[in-house]
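Protein sequences appear in the order of chains G and Z. Residue numbers for the first sequence follow the working numbering, so the first one is 41 and each next one is one higher. Residue numbers for the second sequence follow the working numbering, so the first one is 57 and each next one is one higher.
Watch out, some of these pointers could steer you wrong.
Stated by the list, open to error - Mimicking DSS-like on lysine-lysine, the simulated pairs with C-alpha atoms at most 27 Å apart in a straight line are:
hint	chain 1	residue 1	chain 2	residue 2
1	G	K285	Z	K85
2	G	K175	Z	K85
3	G	K285	G	K234
4	G	K285	G	K233
For the record, the hints were derived by calculation from the structure and aren't laboratory data. All figures in this text were calculated on a predicted structure; none of them were measured in a lab.
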Amino acid sequence: MEQNQASIYPGDEPYHSVGPFVRGMRDAIPIGLGYCAVSFSLGIAAGNVGYTTLQGFWLSLLNVSSSGEYAGIVLSAEQAGFIELALMIFVANARYLLMSFALSQRFAPDATLFHRLTIGFGLTDELFGLGIASKGWLNPIYMYGAFLPSIPLWAIGTALGVYAGNVLPPVIAEAMNVAIFGMFLAIIIPPAKKDPVVLGAVIASFVLSLAASLLPLTASISSGTRTLVLTVIIASVVALLFPIKEEPGQDIVSEPGESPADSGPV
Amino acid sequence: MKNNYYIYIVAMALVTYLIRVLPLTLLRKPITNRFFRSFLYYVPYVTLAVMTFPAILFSTSRLLYGGMAFAVGIVLAWTSGNLFVVELGCCLVVLLMNAVLH
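With the rest of the complex left out, here is chain Z (with noise of 0.2 Å):
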């Protein structure tokens, strides 16, 4: 089942290239359509949202941990904008809030 992965790798390597060769080589006239600009610029967004939430409550033992981490999280980026000062309190809040609760 693991060396599934590999499959899995490779399939996502391959859109991941296209998507990144094809303006170089062959469509080479830049994107006009402002809907589908307009499109891209929000997608990376949205999709980061979606991905982060309610997922991040489901990567720790409690809801509440990952509850914290995200509110932790939001406030960090939201005042200092650093990604790893935001990486490193979302995981410190996890750690206290198990050696505290536990």
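Here chain G stands alone, though its shape is the one from the complex (with noise of 0.2 Å):
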């Protein structure tokens, strides 16, 4: 079992000796730094609808999102139903049903039950980057370090956000209410720089959603709702339109041995 377990994670310490906890630690510190910078300005839209520091805190400590958060304090502040919310934070959630596959196969065969419910918390873009970009199969005390700076520090920083939001004078609280319209800016405009059918996709959400807020018709609606249909209409038409290529081998992930990245997270 010893010499399996040496060869289950290899250049890797023992199964559950302090190292790998560190290690992951230290790769995680970075993200924490920046997703307490980044939390902020979600602390701020959650304290514009009402959310208390405290709301603001188990907000971001319990999912861990920044799309999906967003959307669930937009809908929250319109009182939205349930279902409607369940919907949104699906579609806004939904790539992490492919980070969560691709990790999956990263699993040792013998991984346990615990490891995979627990791991699957912490699931973030950044955290499945470092999950993934670890060498052999996925070593969960790993993600555990990692999880540790990283998910506190975004639940601190929407805190302070909310905080922040309450406390500056007027001027600087509205100017730091489009800060997190430029985050979305700056996650979906590098892409679509690159991808002239994320451009299109993108120009097209940027025309229709403000088109359906001025219609008559659409513009009654909540805005949540109409974020929830824009996007999964929208979404659906490019995809069929312009389905992304299907290699084997083009999924995030590669086989554990022959992991690309040799030189640790970036």
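Join these two chains into a complex; the hints should help.
Written out as structure tokens, the structure is:
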């Protein structure tokens, strides 16, 4: 058994040693600091619709997602129904399905259900990136180490954002209202620059979203519902017209043992 | 009314967790449907774009300020692509507009 484990995690310390945990923490500290700054703007948005500092903290600690949380903030402020909320969260976070499938294939065959259940909780884009970039089978202890600085800092950043929105002068607070949108633009524009289909989808989304908020028929619908319906329609049409290339191995996954990330996570 | 938010927070967390954990536990077979894979690929861009515009216009005291932040944000994201540069740029535009036009 001991021998098995040594080969299961090549180049790694034994399964339960403290090494992978410390390495995970070290790799995730930059992520955590970035999180703290990013979730701050989420906190501003939450504070604007009446979330308390503590609610902001729990929101981010339990959800650990930016677009999903923002969609949830908008819907909760509108007192949306729970089916609508569930659908919106599903759509906003649907990409985690792919990441989760991808990471699933990196779990050692004997990985326990407990590890799968706990690691699933912290599957953000960045932490997924760390997991995928690590060599060999995924070491759960490494992931827990990575969660430790990043997820609490995400929650603290949100709480600080709510607090700041309440105490800062109105002119500053107003300026910070647009931070969350700046963050969204920073996520969608660079890929749009590289992929004309994404660019088209983004422009169509801007135009149709504006149209839907102006047209009398759709303007009366809550903005949360509009976001949900528009997202499903636009993404479906684009997916039908421009399906992504289907090459085997195009998946984010690489087989354990031939992981491309020899230099470690970026 | 405010405590109501806790119910929303828990409901959101539940759905988010299920999305993340189901493929790791019950549904371990990868998604092969090409349409669904394409849909999942485009969804984040579409949903973030829909949530950004025109909402950014209404997040400031005047439509113009939000509009300027939107334009500057796109330019900065296109040229630098750095998240903090974009965020900071958007905020500074609104701050400046307020200082100049008020």
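Hints that the structure is at odds with (numbers, increasing):
none
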